[in-house]
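J.: Based on the hints, put chain V in the right spot on chain X.
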Amino acid sequence: MEILGALTFVNTYTLAELEVGEHFLWKIGNFTVHGQVFLNSWIVIGLLVIASLAATRNIQKIPGGIQNFMEFVLEFIRDLVRNQIGEKEYRDWVPFIGTLFLFIFVSNWSGALVPWKLIELPSGELAAPTNDINTTLALALLTSLAYFYAGLKKKGLSYFKHYIEPTPVLLPIAILEDFTKPLSLSFRLFGNILADELVVAVLVLLVPLFIPLPVMALGLFTSAIQALVFATLAGAYIHEALVDHHD
Amino acid sequence: MDIQVASVIAAALAIGLASIGPGIGQGNASGQAVAGIARQPEAEGKIRGTLLLTLAFMESLTIYGLVVALVLLFANPFV
Numbered sequence: 007m008e009i010l011g012a013l014t015f016v017n018t019y020t021l022a023e024l025e026v027g028e029h030f031l032w033k034i035g036n037f038t039v040h041g042q043v044f045l046n047s048w049i050v051i052g053l054l055v056i057a058s059l060a061a062t063r064n065i066q067k068i069p070g071g072i073q074n075f076m077e078f079v080l081e082f083i084r085d086l087v088r089n090q091i092g093e094k095e096y097r098d099w100v101p102f103i104g105t106l107f108l109f110i111f112v113s114n115w116s117g118a119l120v121p122w123k124l125i126e127l128p129s130g131e132l133a134a135p136t137n138d139i140n141t142t143l144a145l146a147l148l149t150s151l152a153y154f155y156a157g158l159k160k161k162g163l164s165y166f167k168h169y170i171e172p173t174p175v176l177l178p179i180a181i182l183e184d185f186t187k188p189l190s191l192s193f194r195l196f197g198n199i200l201a202d203e204l205v206v207a208v209l210v211l212l213v214p215l216f217i218p219l220p221v222m223a224l225g226l227f228t229s230a231i232q233a234l235v236f237a238t239l240a241g242a243y244i245h246e247a248l249v250d251h252h253d
Numbered sequence: 304m305d306i307q308v309a310s311v312i313a314a315a316l317a318i319g320l321a322s323i324g325p326g327i328g329q330g331n332a333s334g335q336a337v338a339g340i341a342r343q344p345e346a347e348g349k350i351r352g353t354l355l356l357t358l359a360f361m362e363s364l365t366i367y368g369l370v371v372a373l374v375l376l377f378a379n380p381f382v
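If you read the protein sequences in the order shown, they are chains X and V. Heads up, the first sequence is in the numbering used here, so the first residue is 7 and it goes up one at a time. Heads up, the second sequence is in the numbering used here, so the first residue is 304 and it goes up one at a time.
Bound conformation, chain X alone (with noise of 0.2 Å):
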């Protein structure tokens, strides 16, 4: 931690610290988890039903206020989900997509939108659940998953196909694509995060006021994007598992 001795040295102001590798670490039974991971997707996940909660509680005929929202954020999911997928499976996916983007939304902008750092931890720091590379993994993992079941459940045994469609010689690759679609997925979101709030941190290191704030409008963009992303390839890979060769 020699490197980030170095980098620390500008920093006589507390208003942001470069922390890579510092957790807040807790003890439960024979593992090691990131508390500040699990506090801030637990915080995460509290707004994601509270949210849905008040949509829910009073439905009106015409909606208004939150309810109104939700409907919009709902039909902008369906609408995502049934462009990959298709118009006659997407229906099943749509909750597992809508949950998938909605998480990483939510915690990619309450990374860079709630001033973490005025709760004080122990060690480390509250940031977006999302940069830590196990949350994105697990997600990856997640989708994995999810496109297997969907071409199980859909193909039966026959799902094992199309590893040797059209030709055997490219059973290699295709096994190998398994393995790199949850790498590039996972990397992919941690880096981008990752990198948002180090890019930030480190304008913010160098002048603390004014200066970081087109950085930071850049960030929650490309944070949106990046959710979006996360959820159009999970909708593809699963089309891709779904999808018969033979129509």
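Among the hints, erroneous ones may be present.
[What the hints assert, rightly or not] Estimated spans, in silico, between C-beta atoms of each pair:
hint	chain 1	residue 1	chain 2	residue 2	range
1	V	L355	X	L204	19 to 25 Å
2	X	A144	V	A313	26 to 32 Å
3	V	Q335	X	I68	40 to 46 Å
4	X	F78	V	A341	27 to 33 Å
5	V	E347	X	A223	18 to 24 Å
6	V	Q343	X	V175	36 to 42 Å
7	V	P380	X	F78	42 to 48 Å
8	X	K33	V	G339	52 to 58 Å
9	X	F75	V	S333	29 to 35 Å
10	V	A313	X	G92	43 to 49 Å
11	X	P178	V	G334	33 to 39 Å
12	V	G348	X	F37	45 to 51 Å
13	V	Q335	X	T173	29 to 35 Å
14	X	A223	V	K349	20 to 26 Å
No wet-lab data here; the hints were simulated from the structure. Since we're looking at a predicted model, the values are computed, not measured. Even for Gly, the Cβ is constructed at its ideal location relative to N, Cα and C.
T.: Leaving out everything else, chain V in the frame of chain X:
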């Protein structure tokens, strides 16, 4: 060479080299998108949406380089 010096140089190279290809690709894609909008202004919304998504995909290649650089700087397994 000291392993720390090597790591810092490698991190710089990782992010620098990883930004060349996506830079060219993003330039191409944006240029084509502008040409498409100029030819067909009514398709602007669709073109913009697709462009943003593809730009994000290209950007992720640089981000992979960035992840490697960050691993070398902050979580280096060899130091």
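J.: Confirm or reject each hint.
T.: Now the hints, each set against the structure:
1. L355(V) to L204(X): 19 to 25 Å: Given range 19 to 25 Å: holds, Cβ gap about 22 Å.
2. A144(X) to A313(V): 26 to 32 Å: holds (29 Å)
3. Q335(V) to I68(X): 40 to 46 Å: The hinted range 40 to 46 Å holds for Q335(V) and I68(X), with Cβ atoms some 44 Å apart.
4. F78(X) to A341(V): 27 to 33 Å: holds (32 Å)
5. E347(V) to A223(X): 18 to 24 Å: holds (22 Å)
6. Q343(V) to V175(X): 36 to 42 Å: Holds - the Cβ-Cβ distance for Q343(V) and V175(X), about 41 Å, lies within 36 to 42 Å.
7. P380(V) to F78(X): 42 to 48 Å: holds (46 Å)
8. K33(X) to G339(V): 52 to 58 Å: holds (56 Å)
9. F75(X) to S333(V): 29 to 35 Å: Because 32 Å falls inside the window, the suggested range holds.
10. A313(V) to G92(X): 43 to 49 Å: 45 Å Cβ-Cβ, so the 43 to 49 Å window holds.
11. P178(X) to G334(V): 33 to 39 Å: Because 36 Å falls inside the window, the suggested range holds.
12. G348(V) to F37(X): 45 to 51 Å: holds (48 Å)
13. Q335(V) to T173(X): 29 to 35 Å: Holds, since Q335(V) and T173(X) (Cβ atoms, about 33 Å apart) stay within the stated range.
14. A223(X) to K349(V): 20 to 26 Å: holds (25 Å)
Violated hints for the displayed structure: none, as all numbered hints are satisfied.
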